[in-house]
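J.: Each chain, written out:
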Amino acid sequence: MQGGGRLDETTDPIKLMDLPGQFLDKIVEVLAKVGIELPALVLQVFLLVLVLVVLFVVLRSVLPDWRKAKLLSLLGAGAIALVAVGIVFGIVSQLMLPNRLAGRVAGQDLHGLTVDLLDFRGEPVSTSGSVDTQTGEFIAYYSPAWNGRVRSLRISSAACKPRAYAVPRSRLGTESSWDFACEKP
Amino acid sequence: MMRVIFLVLCVSFCVRVAEAAPLVSGTVTTRNGTALAEVQVQVEIRNVKTIPPTDAQGRFQFDAATLFPGAELRDAGGLMLKFSKPGFQSANKLLRLIPNQKPAPVAMQLDPSAGSAALAPSDKQSLDKYAAAPGGAPLFLIPYALSGVAAADPNKVNEVLRANLERVIVTHVQASAAGGSAAISLKLLPVSDAGDIDRMRAYGTYLNALAVISGFGEVGSAAGKKGTLGVSSTFMVVPQGDLIAAPVLYVDDEFPADQVSSPRLYQHLSKLWGRSAVLALGVSELRKATASKDKDALKRIRKYLQSERSGSGPGDEALVSQLNVLIEALDKELGK
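Residue numbers (this note's numbering), protein chains in the order written: chain A, 9 to 193; chain B, 140 to 475.
Keep in mind the hints are simulated off the structure, nothing from the lab.
Given the structure is predicted, the values throughout are model-derived calculations rather than measurements.
Treat the hints loosely; a few may be bogus.
To be verified - Using 20 Å as the maximum straight-line C-alpha spacing, the simulated SDA-like pairs for lysine to any residue come out as follows:
no., chain 1, residue 1, chain 2, residue 2
1, B, Lys263, A, Asp117
2, B, Lys224, A, Leu49
3, B, Lys427, B, Lys221
4, B, Lys221, A, Gly120
5, B, Lys221, A, Leu63
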């Protein structure tokens with residue numbers, strides 16, 4: 009259960025179910041890089057609407073007599089429909105993500121430590137992150153619908169260098185332990 | 140029919156709110172058990188809310204339902220309680236919320252920031268096995284810095300000193316009116332900060348000690364002193380109270396250098412050791428008795444401190460002065 013970031017997200021075949029969500033994450037990431045920064049859910053719904061419009065246009069040209077339609081058009085319509093289903097699946101899977109990450113920081117001195125959940129840009133999205141100074145337990149809350157999936161967890165302290173750990177999707181619903189050794193800045 | 144449905148809905152809503160609205164209470168103390176008043180307590184879920192500070196007995200209490208919206212509370216995995224007070228290290232405690240179960244009272248301990256903060260995590264780790272259990276109050280000896288003791292192993296000398304000091308202290312405390320309930324012991328710590336007052340205080344506070352002893356020793360080289368080991372010791376009383384600051388006493392001993400390994404060394408040690416231990420016990424017990432308003436205990440403490448004062452002699456001026464302060468504080472508490 010230690011060091012969640014060391015695990016590879018795509019090694020487990022079951023995790024292929026997460027591919028639509030990962031695809032949406034990529035799109036959100038690309039849009040953010042060109043300066044379009046909107047809540048993840050807004051972008052995903054916008055993308056879904058866009059795909060549905062394209063699908064509607066394609067279906068309008070194909071459906072009147074689909075037997076006579078070209079095979080390429082039919083395949084195109086099918087592919088766009090699959091993308092739409094994938095986006096819906098991705099949104100639903102994102103909405104079903106837990107809205108908090110609970111875990112435990114394992115370290116020698118737990119005083120003054122805080123935990124932040126970071127999005128794909130490395131920006132904090134959690135609203136809390138105090139650490140129990142005796143047990144190292146913490147619960148950090150965030151909104152997966154608005155902030156998208158949490159990508160990493162950062163442990164920081166005034167006297168130590170902050171340290172970030174990757175948070176695979178599979179670890180979001182579990183309580184992991186995160187090692188933290190103080191490294192002077 | 141509609142009324143019944145409405146009633147059932149109301150009852151079910153009330154039950155849900157009651158389930159998710161725990162009444163949380165607790166106390167904040169130092170490691171020595173002193174109640175800490177005016178500790179700021181904050182409660183965090185998604186947002187941080189501040190509740191009234193602790194009272195004179197270090198108690199706090201709040202109803203989570205009045206602090207957070209019902210939905211936020213029902214969704215919360217726990218409440219993070221954050222404690223802070225100037226001069227103490229801030230501390231957090233995660234209180235897990237279990238449905239249909241009232242949270243157990245929280246017992247929080249704060250460490251003085253100037254004391255235990257000075258200890259590195261590795262120091263704390265090596266000291267943990269020596270820490271006194273709540274209610275216990277052992278004494279600790281930081282090995283003396285000895286010079287000129289070439290004939291014997293300094294570690295062995297320190298162990299002999301510890302054993303002899305323990306004998307002097309235990310014998311005196313048992314013989315005094317303070318004896319009986321007090322379980323006195325003197326343990327040697329694996330550290331080397333002889334004479335460093337700040338470090339002594341830090342170790343003592345972290346270990347929940349009654350007192351910490353350390354000092355220097357040197358084999359005399361002056362004419363007439365040759366072959367004599369002079370030991371200058373610091374006796375630090377660790378427990379503090381509102382009525383008395385933790386006193387520091389200095390004790391000097393002198394004995395033949397060829398007896399530094401002798402089990403009969405205690406015959407040369409000052410009686411001040413035992414009296415200092417009784418003073419430390421008095422400070423510790425006064426604090427507890429004051430908090431619990433136990434008049435009988437206060438009278439008992441006064442009695443044995445008075446007995447120590449009457450038994451003191453020349454060279455005990457510093458101790459007598461501290462005993463006077465303590466007896467005055469007791470008189471104040473007893474309304475004399």
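J.: Indicate, hint by hint, whether the structure satisfies it.
T.: Hint by hint, here is what the structure shows:
Annotation: proposed proximity of B/Lys263 to A/Asp117 holds, straight-line Cα distance about 9 Å (limit 20 Å). Distance restraint check for B/Lys224 and A/Leu49: the Cα-Cα separation of roughly 42 Å exceeds the 20 Å cut-off, and the hinted pair is therefore not satisfied. Between B/Lys427 and B/Lys221, the direct Cα distance comes to roughly 25 Å. Violation of the 20 Å bound is thereby established for this hinted pair. A distance of roughly 11 Å separates the Cα atoms of B/Lys221 and A/Gly120; the hinted pair therefore holds under the 20 Å criterion.
Restraint check for B/Lys221 and A/Leu63: not satisfied, since their Cα atoms lie roughly 54 Å apart, outside the 20 Å limit.
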